[in-house]
Each structure stands twice: as structure tokens, then as C-alpha cells.
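Asks: Here the protein sequences come in this chain order: Z and X.
Going by the numbering used here, the first residue of the first sequence is number 1, and it counts up by one from there.
Going by the numbering used here, the first residue of the second sequence is number 1, and it counts up by one from there.
List of simulated lysine to any residue pairs, SDA-like, C-alpha gap at most 25 angstroms: (1) Z:LYS10 - X:SER88; (2) Z:LYS10 - X:PHE87; (3) Z:LYS10 - X:VAL199; (4) Z:LYS132 - X:ALA19; (5) Z:LYS10 - X:SER90; (6) Z:LYS10 - X:ALA198; (7) Z:LYS132 - X:ASP260; (8) Z:LYS10 - X:ILE72; (9) Z:LYS130 - X:SER34; (10) Z:LYS10 - X:PRO201; (11) Z:LYS160 - X:PRO177; (12) Z:LYS160 - Z:PRO176; (13) Z:LYS39 - Z:LEU29; (14) Z:LYS160 - X:TRP289; (15) Z:LYS39 - Z:VAL68; (16) Z:LYS132 - X:TYR23; (17) Z:LYS132 - X:SER255; (18) Z:LYS130 - X:PRO48; (19) Z:LYS132 - X:PHE20; (20) Z:LYS160 - X:MET1; (21) Z:LYS160 - X:TYR3; (22) Z:LYS132 - Z:VAL68; (23) Z:LYS160 - X:PRO15; (24) Z:LYS39 - X:PHE117; (25) Z:LYS39 - X:GLU101; (26) Z:LYS10 - X:LEU92; (27) Z:LYS10 - X:PRO89; (28) Z:LYS160 - X:MET174; (29) Z:LYS39 - X:PRO121; (30) Z:LYS10 - X:GLU193; (31) Z:LYS132 - X:LEU261; (32) Z:LYS39 - X:PHE122; (33) Z:LYS132 - X:ALA257.
Partial selection, computed: residues in chain X whose CB lies under 10 angstroms from chain Z: (34) PRO75; (35) ALA189; (36) ALA195.
Read the hints as simulated data drawn from the structure, not as lab findings.
Where a beta carbon is used, it is the ideal one built from N, C-alpha and C, also for glycine.
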Amino acid sequence: MNRLIWRRWKSRLMVGAMMGAVVIAVTPLILILGTLFAKGASSINLAFFTSLPAPPGEAGGGVAHAIVGTLMMVATGALIGLPVGVGAGMYCAEYPRSRLATVSRFVADVMNGTPSIVVGVFIWTLIVAKQKHFSGFAGSAALAMIMIPMVMRTTEEMIKLVPHALREAALALGYPYWRTGLTVVIRTCLPGIVTGSLLAIARVAGETAPLLFTALGSQFMNTNLNEPTAALPLTVYTYATGPYEEWHRIAWATALVLILVVLVLSLLARLATRQRFDVR
Amino acid sequence: MVYRGVLTAAAIAIPTLLAFLVYELWIGAELAISRFGFDFITGTTWDPVAEEFGAFPLIVGTLVSAALALVIAVPLSLGVAIYLTEFSPSWLRQPVSFVIELLAAIPSVVYGLWGIFVLIPFLRATVFPFLRDTLGFLPFFQGPIYGNSMLAAGIILAIMVMPYIMSVSREVLMAVPSSQREAALGLGATRWEAAWTAVVPYARSGIIGAVILGLGRALGETMAVTMLIGNRHEIVASLFAPGYTMAAVIANEFSEASTDLHFSALTYVAFTLFLVTVLVNAGARLLIWRVSRGGGGNSA
Chain Z
1 MNRLIWRRWK SRLMVGAMMG AVVIAVTPLI LILGTLFAKG ASSINLAFFT
51 SLPAPPGEAG GGVAHAIVGT LMMVATGALI GLPVGVGAGM YCAEYPRSRL
101 ATVSRFVADV MNGTPSIVVG VFIWTLIVAK QKHFSGFAGS AALAMIMIPM
151 VMRTTEEMIK LVPHALREAA LALGYPYWRT GLTVVIRTCL PGIVTGSLLA
201 IARVAGETAP LLFTALGSQF MNTNLNEPTA ALPLTVYTYA TGPYEEWHRI
251 AWATALVLIL VVLVLSLLAR LATRQRFDVR
Chain X
1 MVYRGVLTAA AIAIPTLLAF LVYELWIGAE LAISRFGFDF ITGTTWDPVA
51 EEFGAFPLIV GTLVSAALAL VIAVPLSLGV AIYLTEFSPS WLRQPVSFVI
101 ELLAAIPSVV YGLWGIFVLI PFLRATVFPF LRDTLGFLPF FQGPIYGNSM
151 LAAGIILAIM VMPYIMSVSR EVLMAVPSSQ REAALGLGAT RWEAAWTAVV
201 PYARSGIIGA VILGLGRALG ETMAVTMLIG NRHEIVASLF APGYTMAAVI
251 ANEFSEASTD LHFSALTYVA FTLFLVTVLV NAGARLLIWR VSRGGGGNSA
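Bound-form chain Z, shown alone:
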């Protein structure tokens, strides 16, 4: 009897410990979001979005250049990465047993696990070292390379959810193969593909490491992707590790903007589909 009581208590104890784990796991998120708002919100005003950085040591200044830079690089990266990723995902879903599909799938998993800093070194040797200057375009290329495997895998998973009967019906009605693919299959799972793409965009919008020595960052407004380009995550990094109080303030505010961008994109992704989705 004694042993039974002990076993019951042990069960309760372990469940309690696991609830504790849930609390500990959730705490950092609350703390991080809390500090971001507490330290960042007061610095956010119109000038913060519209002005350029002040010289070191001076008060004020904004991150307009970084917002423009991030938008340009992420948009260009998406323009390169999404078509390739979606196309490869469609291939893998259409010809799932072909050798190319198996290889691509495996390689995409490998690339997904590749540290983004390694991608940065690769793009440096591929583009920056050959052009002999840093550029926003190199940054976009790095971001695209990070997006491709993520988008590809989610696209494939989404297409696999489309019922076979639908495809067969379209083919039976005399649709050619390509038209079935584009207008029936893709259209059915478009919300899922949009979700995957938005999550990939959200993820690369926060990437810093691959931009360190490809886009490099800049203190000036720059709309030419062939020049070194600023980005929000780079600004956070530079200003957080800098020596000035004023810089730290801007780092917090920039981080808040960045996290809002990422959260809004993730929420949009969730709204785009009810399908539960994990990007790994």
C-alpha cells in the first residue's frame, strides 16, 4: 500500500515538475517581449522612421535607411528564392519517386540545417570577392539561398495534401498536365504556399549573420542594390555592441520594429491558412 502511495505521489510530482518546465520555457518570451516594449517603445516616433542616423554621440536619428535596405533586400531575395523554392517543391510533389526529387529533398534538409553564417561566407566568395565590393545584391542572394529550401519543403508538403481525386478530375476533363498543376493543384493549396513563403520571409528578415560581410551595412540612404546596404538586424547588432547610451536606445527601438515585422508576418501566415504548420 505504501508503495502505491509513493507511486501516486511520484506521478503528481513529475506532472508538477513538467508544469514548472512549461512556466520556465514561456518566461523568456514574456521577458524578451516585455523588455523590448519597455525599452524600445518610447523611442519610436515618426522621426525614428524617417530620419537617418545621427553622428556618434549625438542624440536623435532614425533608421529610415535600414528600413529601406531591409525591404529592398528581402524583396529581392524573395523574388529570387520563392520561384525556385516553389518550383522545386512542385517538382518533388509531382514526381515524388524520381531520383532528382529524393536528392533535392535531402539536399534541402541539409541546406536548412546549414548555419546562415556559412551561407554568408559562400556568397562572399561567390559574389563579393569577385566583384571586389560589398553590395545589397549579395545580401539578397544570401537571403534567397536561405529561403529556397524552406519554401521548397513547405510547398511540397502542401501539394501532397491536395486530394488525388481533384487532380484526376481535372485530367479527366481533358486539362493538360501543366494546367492541372497550375490552376487546380496550386490553386487549392495556395494558402499553404503563401504561409510557407511568409514564414520564410519573416525568418530571413531577421537574419543578421549572412549580411555581415555581404551587404555590410551603411549609414546612408541607399536605393542602389549594387552598393553596401543597411538592414534592421545589422543596425541592431552594430548599435547594441557600440559604446554609446544613445546607440543602445536606438538598438532597442530597432529591435522592437524588427520583432513587430516578424510577428506580423507570422500572424499573417497563420491567418492565410488554418493548416497547422511547422518550418524546420
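We have chain Z already, so just place chain X on it with the hints.
Replies: Same frame as chain Z, but now just chain X:
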């Protein structure tokens, strides 16, 4: 035909990109490889001025910080995963997983920022002195307390890899057929015993896969670690002392490198890091596949 051709081209692009990556890194590292060969891995001096490069402290730092992260993150994320699949009321599941997935969405540089200004002051003032007073007899918790340290990096990494380990192990736990639970409960096990002796072992290799996946993330994580680890090329037993990792050295030195050999040495580091993460991730994938295919069918 055009349709198929376009799709095939996209699919071919992916292995091509990877092959390109391996090739470029290899070419970039060639100078350092021919100069140092395998001694690069075991050398302990990193002196750009004297053009002498050895990556041993970086490799040790990478492994130690990742190991610390796992030591902290694995029990926590397993606890959360088991709780959510086996015990929690159903209304709690969605919000908790949502919150933890949000943790995965926070950019690394924001973790770094928070680490510098919130986590490190807290650790330096409260946690580190406490550890030194209570566990100071161990060599890991001795010596002067710096804020930027191996332990600080390990803690931030633990927070960062937790969501990955949690969501993957949750998935493999959910793939366990409920007959496993019912059988254990029917034999008179308590709910904890049913979870721990019948459900968890069934999902074991998948859980190990999840942990290895987390390890892969921890090995390659760059920004937060660069901002918190202290960046010193040394191997010190104390976890309060600054260290360095492979990813951090690339982040710090690549844009400032001036000689070809320095670039090449950093590319060599990147190449090594790449190979390690490929091996780790391939291992994790194999384990996870085995569970989700062999065990639960396609119910997950």
C-alpha cells in the same frame, strides 16, 4: 514539356547550389588547408599578425557552448513536450505551443541584444555568484566572474534551441499509438509511469533525433553567441570565462581580415562548421524518419 522543364530546372538548382557551396568553400579554404593541413584542427594559436591559425579553441568552444545549451534545454523541452501530449488540458495546448513557436521566430540578434542588457547583468549579479558559492569546488564554477562568458552563451543558446527540440519531440510523441498508453494504464501504471515507461521509450529514437537537431542549431548559431560569449581564443575550464566559437569568429573577423591567409583560415573554419552540421543534421533526420515512418504510420 515546358512545365516539366521549368520544374526540373528548379529542382536541379538545389543540389547545384549545394555543390557550388562546397566547391567555393573548398577553393576559398585551399590556401589554409595546404598551409596547415590537419594541424589546423589541433592548433591552439590564432594570431593573424604572425599568420598562424589553429582552430582548436574554437572547436572546443563550439562544442562546450552547444553541450551547455543541450544540458539546459533538453530536460525543459522534453518536460514541456511530454506535458503537452500526455497531461495538459486541451485548452492549454494551442497557446503554449504558439508561444514557444514564437520563441523560434525571434531573430538571433534580438536574443543577443536582450542577452547583453538583461540576461548578463542578471547572471553576473545573481546567478554566477550563487553558482560559485555553492558549486565552487568544481573547476567549472571557479575564478573571476565576467559577464560575457561561455555559460551566458550556453544559456541563451538553450532558450534558442528549446522550441526546435520541443516541437519535434512533441510531434514524435503524438505519433505514438494510444494503445501503448492504454496498455500501461490497464496494467495499473500511474499516468506518469505510463508516459515514461510506455510512451517515451516508443518515441525514443525520434526524441534523440530532435535533440540532435537542436544540437545542429546550437552549433551554427551565430549572432547571439557572438554578442555574449566574450570572444577570446582560449580554453579555460571555468564557464565564467569568455570563450569563442567557430561561427562567432567568422562573424567577428571576416569583414576585418586583411591577408589572404586570414580569409582562407576563416573559410576553412566555415567549411569545418559546415561539415559538422551536415553530419549532425543527417543523423537527426535519419532518426526522426525512422520513428515517424516505422511507428505511427502517417497519422502525424
